[in-house]
Structure formats: C-alpha cells, structure tokens
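Chemist: The primary structure of each chain is shown beneath.
Number of protein chains: 4
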Amino acid sequence: MDRSKQEKTALGYSDEPSDPTTEQGAASSLRARKLLSESQEQEVKELRSNSFQTRRTTVADLEEVLFEPIPVLDHGFVRVIDYMGDDAAITQAARVSYGRGTKKLREDSGLIRYLLRHRHTTPFEMCEIKFHVKLPLFVARQWIRHRTANVNEYSARYSVLDREFYIPAPEHLAAQSASNRQGRGEVLEGEEAAEVLELLKRGAARAYGEYEQMLNQDEEGNPRDAERQGLARELARISLPVNIYTQWYWKVDLHNLMHFLSLRADPHAQYEIRAYADVMLDVLKRWVPITYQAFEDYIAGATNLSAPALAVVKRMLAGEEVTQENSNLSAREWRELLEQLGRS
Amino acid sequence: MDRSKQEKTALGYSDEPSDPTTEQGAASSLRARKLLSESQEQEVKELRSNSFQTRRTTVADLEEVLFEPIPVLDHGFVRVIDYMGDDAAITQAARVSYGRGTKKLREDSGLIRYLLRHRHTTPFEMCEIKFHVKLPLFVARQWIRHRTANVNEYSARYSVLDREFYIPAPEHLAAQSASNRQGRGEVLEGEEAAEVLELLKRGAARAYGEYEQMLNQDEEGNPRDAERQGLARELARISLPVNIYTQWYWKVDLHNLMHFLSLRADPHAQYEIRAYADVMLDVLKRWVPITYQAFEDYIAGATNLSAPALAVVKRMLAGEEVTQENSNLSAREWRELLEQLGRS
Amino acid sequence: MDRSKQEKTALGYSDEPSDPTTEQGAASSLRARKLLSESQEQEVKELRSNSFQTRRTTVADLEEVLFEPIPVLDHGFVRVIDYMGDDAAITQAARVSYGRGTKKLREDSGLIRYLLRHRHTTPFEMCEIKFHVKLPLFVARQWIRHRTANVNEYSARYSVLDREFYIPAPEHLAAQSASNRQGRGEVLEGEEAAEVLELLKRGAARAYGEYEQMLNQDEEGNPRDAERQGLARELARISLPVNIYTQWYWKVDLHNLMHFLSLRADPHAQYEIRAYADVMLDVLKRWVPITYQAFEDYIAGATNLSAPALAVVKRMLAGEEVTQENSNLSAREWRELLEQLGRS
Amino acid sequence: MDRSKQEKTALGYSDEPSDPTTEQGAASSLRARKLLSESQEQEVKELRSNSFQTRRTTVADLEEVLFEPIPVLDHGFVRVIDYMGDDAAITQAARVSYGRGTKKLREDSGLIRYLLRHRHTTPFEMCEIKFHVKLPLFVARQWIRHRTANVNEYSARYSVLDREFYIPAPEHLAAQSASNRQGRGEVLEGEEAAEVLELLKRGAARAYGEYEQMLNQDEEGNPRDAERQGLARELARISLPVNIYTQWYWKVDLHNLMHFLSLRADPHAQYEIRAYADVMLDVLKRWVPITYQAFEDYIAGATNLSAPALAVVKRMLAGEEVTQENSNLSAREWRELLEQLGRS
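Chains as they are written, first to last, in our numbering: chain A, 2 to 345; chain B, 2 to 345; chain C, 2 to 345; chain D, 2 to 345.
Next up, chain A with everything else stripped away, as it sits in the complex:
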C-alpha cells in the first residue's frame, strides 16, 4: 500500500516523513521550515482562495490568517479554521437585542470592559472559534484537561502516526528548578546538554523505527515482510514516546478560550503549552481587539489580593510600617504579596 492510497482511506492523513535526528530541523528558522506537505499546501491554498457572500458578522483581520498554519515549536502549528461572532456580538447578546444596535463603538467597549471586570461571563460564550492544532502528545495531555471545549483528535488506532517528534531547542533544555518542584531552573550546558539532546533524538528515531518494525511496514507504508501480519496499529503505538506529534480540531467559546489562555499563557505553565497559548493570544487580538485589551487589563495583568493581603495593603497605604511578623500572613504569602506589589 502506498501513501496516496492510504490518504484516500484514512480517517486522518499522511504527511511526508521528516527527520527529527538531524541538526538541520532545529537550526532552520521557524518560518522557513516545511510545515505542510505539497498536497496539504495545495488544500490550504484552495481554501484561502475561496470567497463567499454572507450576512454573518465577519472580521477582516481574522479572515486574513484563516486556514494558514502558524508555526509553534519545531513541527507544530495552530490554524484558525472557523469563527463565529466578534466584539459586537458580545454586547448584542448581553442586551438580547434584535440588531447590531445604534450604540457607538465607545459604548460597546465600555460594556465589554464592564462585563469582563465584573465576571459577567455568559455574553463571552456567544462567540466561538475552531482551531486545527498540531502538538506533542504531552502538551495534548495538559490541554485536554480543559473540558469545556470540543475536540476531534487524529486516531492512532485508525491511522499510522507521522515521524515527527518534539526536540527542545537548546535554549529550552532546562535543569530541574531547585525552588519550584514543578518548574525549570537554569539552561543545561556543555556535555550534559549535548548528551540529553542526543538521547532525545536517538530515542525518538529508534522508537519510530521499532514502531514501523512492529507494524511490519516500511517508510512508504508497504509491508516489510510478506510472511508477517504486522501488529495492530492500536498496539504498535504504545511504544511511542509522548513527544511524538498528534493533531486535533479544537473548538471553544470565547469565555473558555480566555480561561485557557489565563492559565496556559502564564509563567507557571510548562513552556511548551505556553508557546501555543502565546500564538493564540495573537489570534485573540485579531478576532476581538476590545475584548483582548480587557483581557489584558482585567485578567492576564490583574492580581488577586486575599482578604489578609488586602488588609496589609490598606495598612501600608495608611502609612503604617508592615512586616511579615505583624502582617498576619505566612512567610510564603508575604513573599507572594511583595511579588504582587513589585517589591521583591
């Protein structure tokens, strides 16, 4: 069976094999590297050449990047596939109105900011966006924890996975953090870094080779040995590491997208999922610029003061000298408060 035949029958698709073991991949610029196969590029081009008439709310800035793969990490991407609504659709729903209304842009903006500031979240659920994402399995496992979304993932029971693995760029190869059990410390250097990179690359190449061997399949997807049956796809894939790439369609409403971004575009999130969230922040800005600014002001850039921390701030503002000892805060909370106030 050759690849083109497989493309016709698969729930999924087949990409050209790429080699994760060469320096070249990591070294080449993100923009320059090959994200899609020829036939995929052709499909995207056709989609982008379409132009339909619609009565629906349309956002020119977002249409501009529609269907285009935006590169993330070494082989991943985010593509916007479809969307529903814009900034005005939020105020329209909040007002349960019959039309776009005669409100001025300034009033709309004021209402959107008011709604977000006061956690009136339901109007933001009235906008929806659909992405096609290519991402490593371990990122997918963090991502899928966000339950209020719709997802269709490429099936490794049904189709053969591509030979694409995430190998961190050297500047992301970090040591375990000593202070934060869940974070990264300094960047690894010298021999240790080289050895780790080598282990990751070799491990990926070897695992994929054994995957094909168990499937009894060669690089073109043909049987290697006519005497053998090949292990079932759903079993052969169990030996693949979690840095292999998968892909899915992911659809979410604007409120839940912002919740996702507030957690995943955050310094506490693992770098690799943050890379996706950062790209999606740009998409958010194109799609709903007023909401994006409100998100930055009231969610991403905002800070939550606990009741005891608020009490401390009030005392400080009243001119009192507050120390951890007389603050009623634990050492940890005191440290966190100083950080919040930019005093650490």
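Hints in this document: simulated from the structure, not taken from any laboratory.
Nothing here was measured: the structure is a model prediction, and the numbers come from that model.
Some hints could be false.
Note that identical chains are pooled: a pair holds if it fits in a single copy or bridges any two copies.
Calculated cross-link-like contacts (lysine-lysine; reagent style DSBU-like; alpha-carbon spacing at most 35 Å) [what the hints assert, rightly or not]:
#1 K105 with K46
#2 K46 with K35
#3 K202 with K46
#4 K105 with K35
#5 K315 with K105
#6 K35 with K286
Chain A is fixed; fit chains B, C and D onto it per the hints.
Modeler: Below, chains B, C and D without anything else, positioned relative to chain A:
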C-alpha cells in the same frame, strides 16, 4: 421616561404593548401577526441587507432565513443569528484534514451516516448555531435543563418585561390525561373551555396591571404617582405568571442540538416546547441536510429494543408464537414492544 | 382522590396547604413555623435515627444536621441529604495517595490554602454534597444558571403544586435603586408598602384559587364538578406566579459549590437567593472547615486588582499622590478602586 | 535523596521499582502479583480497618471492597475510594421525597427500570462514586475524553514516574484487522510475536533507563553525577512511551459512569480500556444491583433499530421475504441488521 429613552439605556429592549385579552391576537394567522415593533423590524432589515466577503464555510439555504423571526405559538419566535460549519465540516473534523478534501459528496454522506449510526458524536460538536428565541417562562424552564449550551436571557431585574402572555389556542386546551400522569387528554369543550380561556386571559391582564402598579409605572413607562418610589423591578416581577414571555440568545453545537431535538420534538414533550423544536427541525434541514436525514433515520425515527425485547423479536422471526405470558416481559414492556412494532 | 392516595402515586409529594395571606405566617419566628407536614416530619425523624457502619470518610459536624430542614425565607428550606469527602479528601486527591497519609493537620491545611490561592481547583471537585431545597420559582431560575451541577425538580406536569408563595417580609420590600439598574434602594414605607404587600398576597391567593378551579379540583384534591374534566396539570400551572415554591434535589462538587457561593452570597446577588447561599455557607463551615476558611480569605474576602489599578496602588505605595485624572482609570473604575481600598 | 524522603515531599507517591522485562511478571497470576508497596499496603489496611457511624445511605456489598486494589492488566488496578447513594437514592430523587419512602422494593425497581428505559437520566446523576485507578497513558488518553467527570492525575512535572510499563500478555498481541481499520485481527504467533514482545520490553527498559539518565538520578532517586544538574522532570518525561503507567483519582456520577461503561465495556473499545470497564461493571453490580440489571437489559444488551431497519423488521414479521435489494438499506446497514437479529 418614555419608551425610546428606555430602549437606549436598557440591557434588553422594549416592545410595543400588545393585548393578550382580545380574541383577535389568537385568531389572526401566525404570519400576519405583528412579531416585532417598527424599530425592531428596521434593525432586522438592516442586518439582512448586509453582505460580507468571507473565506468561511457558508450555507446559502440557511443564509436565506438569517435574522428573520420564525413565528412560534402566539407571540414567540425563533431567529437564527449566526452559525459555524456545514455537513462537510463534520467529515473534515472526523478526518482531521487540512482542507475540504477531494472526497465526493457521496463519501461524505456515507461517513456522516456512519458516524451518527455508531454514536461517534464528537465530529458533530464541530458545528455551532446561535438562536434568538422568544418563549414563555414555563417553556424556558424546561429548555434550560439542557446544560450543554450557552445562554443570555433578558433580565427582569434590569428591565421591565413586556405585556405578552402565552394563551393556548382553543385546540390546545386539553384535559388531564387519565392514563398518562404527565400528559394531555381530550380537548376541553363548551363552557369549561370558555371559562379556562377567560381565567387565563383575565389572570394575565390583571397580573400585568398589578406589576405596573407595584412598579408605579404607567403604560408609557412613566411614573404613575410622583409621591411613590415604585417597587424594585426584581421584586415586582415575582407576581407575574409563568406564561409571560421572556427571550434569550441560545447557542449550541450540532450534537447537543440534535439531542435537544430528539427529546423535545418528541410526542412525550409538552406541546408548547415541541412547537419550538419543530421549527428548529426545519432550520436543521436547511443548515445540514445530510445530517438532518441521518437524524431522521437513526435517531428520531429509530427505536431501541431492550435485551429481552430483542429476544422476543428473534423468536417471532423464527416463527414462534410469542405471548406476553411467555415473553419474559412485564405487561407494560410488552405493550411498549407491540407499539414499537406497530402491532398495538 | 384524597391527599394520602395522591402521595402514594405521585412523582413528588403533597404538603398540607398553608395560607400565605395571613399575617401570622410572616410574623412567626422562622424556627417556630411549620416547614414540614406531620408525615414528612416522621420521615425525617426516621432518617435521622439511622446509624450505619461505614469505612468512608465521615464528618461528625455535618452528620449533626443531616436531613434536617434549615429554614430560608418564609416557606423555604435547605436540607443536606448526603455528602462525600472532607478536607482530607482534597489533599488525598491532590497527592493521588493510597491512604489518608501521615501528614499532620497543619500540612494538610497549608496545602489546601495553597491549592485554593493558586486556583488549583480540581482537588476540590473530589468532594460532593447533595441538598434538598425548597425555593421560589424566580430563585430557582437564577440558581439553575449554574450548569455544573445535578438537579431533579418536582414536576408540575406530574403533580399539583402546593399553595405556598414567597411574600417578602416588610423589611425586604425595597424600592428600585436609582443608581443601580439591577438593585434595590430604600425600604418602602407607609401606604405604598401596605398596598404592595396586599397586592402580592391577594395575587397569590387568587392565582392559586384559579389554578384549582382550572384543575377542577378542591382543597382536598377531589373533583369540584363531576361534569368537568379539569385542565391538564401542565397547562393549569402556566397561570401561577414565579413566587410560588418549587423544590429540588441539587448535587454539586465542592469547587462548583464555592463558585456558586462566591456569586450568590455576594451583595450583588438578589437578596432572596443570597438567603439560601448564606445558609449554605454555614453548611460549608461544618463540612470542610479548613476549606471554608481558605474560601473566606482567598475568594469571598479577596479582591481583584486590574492591571491599571495595580499600577495605581504601586504608585500610591511609593508615596505618589494619585488622582483619577492622572490614574489612567475611568471615573467608574476609579470609584471601584477606592471602594476596594476602603477609601470611598 | 532516598525514596522515603521523596514520599514525604511529593505530590504523588513513589512505588518500589518492578521489572517489566522479566517473564515472571506476566506469568504470575494476577492475584498473586505485587500491586502495592509495603507502605501502601499498610495504608490500605488502615483505611479498611476504620469503622465510622453515619446516618448516610450505606451499601454493605460495596463497603466490602472499599479501598482494595482490584487488579487490571499487568500492573494496573481500580480502587473504590468513596461513594454516595444507592438504588433507593435514585427513586428518592425522582420523587423529590423527604425520606426513603414507604415504597416497596418492587416499586422502586419498577421505577428505576422505567426511568432508564425512557432515558430519564437525571435521577441517576444523584449517585456518585470515586475511584483510584492505575492505568497506562494510552488508556488514560482514551478515558479522559469522557468530560463529565472529575479527575486528579499524578503529575510527572512534580514527581518521578514509576518504572512500570504495560506489556500485553501473549494472547493479546493481535495483528491488525484486515476488515476493521480500527480493530485487531488474529493473535500473532511464533517469531513475529516473540520479536514484538522483545521490542516492547526492551523499549520500555531502555526508555526508563534514559529517563533516569536525563534526570541524573539512580534507582534510589539519588543523583548519579554530582557535577550535573539533571534535566527538569517536565522535560525528561517527554521521552517515555505511552505504555508507562500513570494513576489518577476519577469521580463520576452514576449516569455518566453508565455512559462510560456502555462505550468502553463494548467490543468496539480497545481491549485494554475494556479490561478496566469490565472490572467497573462488577463494582456497579455491588453498588446498585437493580440499576445494574436495568443497565444490562436496556443499554448494554439493547440494540437500536434505525427507521429503515425497523421498517424491514415489520415487513419480516408480516411474513414478507426481505432481501438487501428490496430492503432500502445499504449493503453495510443490511449486514449490521442481520447481526443485530443474530442472523449473520
């Protein structure tokens, strides 16, 4: 404060008052009756005159009715406000593909039917639709039980409700069913019917009058008595009956819409919510005609045979004479089976 | 058909009629008033006399009030029916541990506070609680907007509703707020208050009377007129006002309960739903006292500073004189910030 | 840092290492093999020795297995950690009743069967159960797609994963199915089977060795090389294959548990997740025996006849000779119908 001023400041809107106590309203044809005020009609007209260029999937049959209020019951409507996706978007997600694919329509149709028949529901979540609905409160209370949807309802804390009440048409004034504790029996006739209609109409008119009295507000929205403050809107509304109309924006994905329709376009559903579901079935047909047909074949028109019922059918097909006594079914289940097989 | 017979066949139950039109109801102390019928009291007593052996986590303070109706408003109540987990179950799940662990209480408390402070919400989903609540329809309509919960409501299609209506106590009869479109102002007094109370009481009594008339049913549930059929229950109820009481079983996890309480035990919530939330806060304190304290510190008593507001606070702490004009905040946001800092 | 020290500080736990590369593990009987470390066994023993007094609904048959690990696959298990409700709690919620009621068991059973047969699902949401599950990553990825549940997973960012990998027993090493793109065919035999097993075992051992090497950690959890920092845990784990075991707390209501079981205890599910579902069916039987039987009759053992298939069955029952050609069914649907009717 006059109505037009109120329109400018309300989270919500104000409609022209209509009189639920006259025969005229119920008697006039649905199409003819006035669903929108002049200014609302103008807003709808403006929306419908828009034409934007988009790269997105577009469905001409659905665009045709976009924003148009489709009448339901005596004062209600369903308006399609926005949508995302079409039949092809389902197969595209199922295949996690890069483009619309080169699949023929027949293959797409086969896949859609296969997916629905085998309860692979996630690809159907990839389409989304948004409605503006005007509906009586008691219908809204049944409707809201479907939790996997987004909703923004007109706020009676924030704005004054319209003088619009659902009064059943004479042919829907049914007696309590004797056999089904949760259903309707024969249509009421004669004096009893007349009295019930009278009670409903008078009750609605009186409740609305007292609502305005407590608000200290006349029909134009002006204070009745300058000496009085008027009861808070959030309290005055507690005396309004559940046949008053409310309205909301309701957004749902295709899978959950079909689930809603399978339960609410069903004979066991109360007539009034079924009236909405029936109208939405027509929308479904315009939007995703292949999925609509699969829905009719595999969900709406399908029947579920329990394990013991299936055993009975097999025995019947083998030529055995099966009776309730030797069927291993309770009397009730036996009756249900005969109904399923069209033998009752 | 008499009441006792109805009790045997209903999905639901039947309460003794009470009279919302007499002063007595509202005047009597909450504790003293009759919440349950004799037979219901007997059922509760039996449940409370049970004592089973279990290996499950058990919370003595919560067991104390199990099944007991806690009064809310004039005829409502909250009853705790069942629960799963305690404070330690949260840390156990966070650690994915095999037992209760050897951690000291202080460590558990520290971890719970850390988790809540940093919005690690999933461990709080590991505790669950089930309530039986009696509440006015208009409160139920606000409550049901919280979608992440399970609910079984008494069906007015299946059974006849009780003659119980919420009539606000005089001190809660407030005028419309002039400054807040969604809030209450001063308490109504004198003739206006008397008239409103009278309208509410008379309206409730009349609506219930007409409900029985349409059902063709007398106070004992027997047919009034043997010649008549009676309107279907699902139709007769459409004329009842939204201050009639309904009831439901409501089950929710601890995380979503706290979300509910943070929105509904808040001054912006309507008083009537707040009355329920306040009672449930006491339940929370009995059930998971450590989490309760963390909730008070990090959610209920906490405040969110937007990015621009945080910038202002930093400048203030640095000794700068900040005014609205040089604050980069809108007049409204400036006012909100002063309120947050207790300076308004 | 030694293991015991690690146990004290981890969000998670540490197990004794076991060797997936020896025949012994797979060969030994499930019951005999070591599922827990000494200290874990001790913790479970302590939990099981507890006995508390409670007023809550208690199920003796389920208490019997509480906290006990039930073995699944080669290193996995299912433990019931907590539960809420029983069969009677379903009818109690359906009736919104005040007590356990005076209904006879037979009436309760009839109501439960009626509710499930007619898809009245909300009363089943009133029972809840919490599991602790140890499972391979690729099973976890299928499992997590069920969104209406609560989950806390062991964090490989925070803690080091155990050296435990799923290696299929020889009788489960199946070839790819020729007819079903998503299924297994015959069992592999001879040299091919031996080679696949060898590849899986060696691959697992090697991947874990390299994981420790990148972490710069030896088998006791101590640093291997004092000069090195060790790669961050969140990065080192990306080279581990998806047959490594993880574990989580998983909590779900009875309705959603049955939905999970209907899809995962089904022949179309992958064997490895079905192994978990089968064990959980036994738990279901202990917990709610009446519901379990209804589940078998109306869901697991039931079959769905499409509208056209139902038409065929009716014609057959009327004595007509129906063939695919005159059936109005596609070849595939015809084949499916014959299977449903046990005639293939």
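Chemist: In ascending order, which of the hints set out earlier in this document are inconsistent with the structure?
Modeler: As far as the earlier hints go, not one is violated by this structure.
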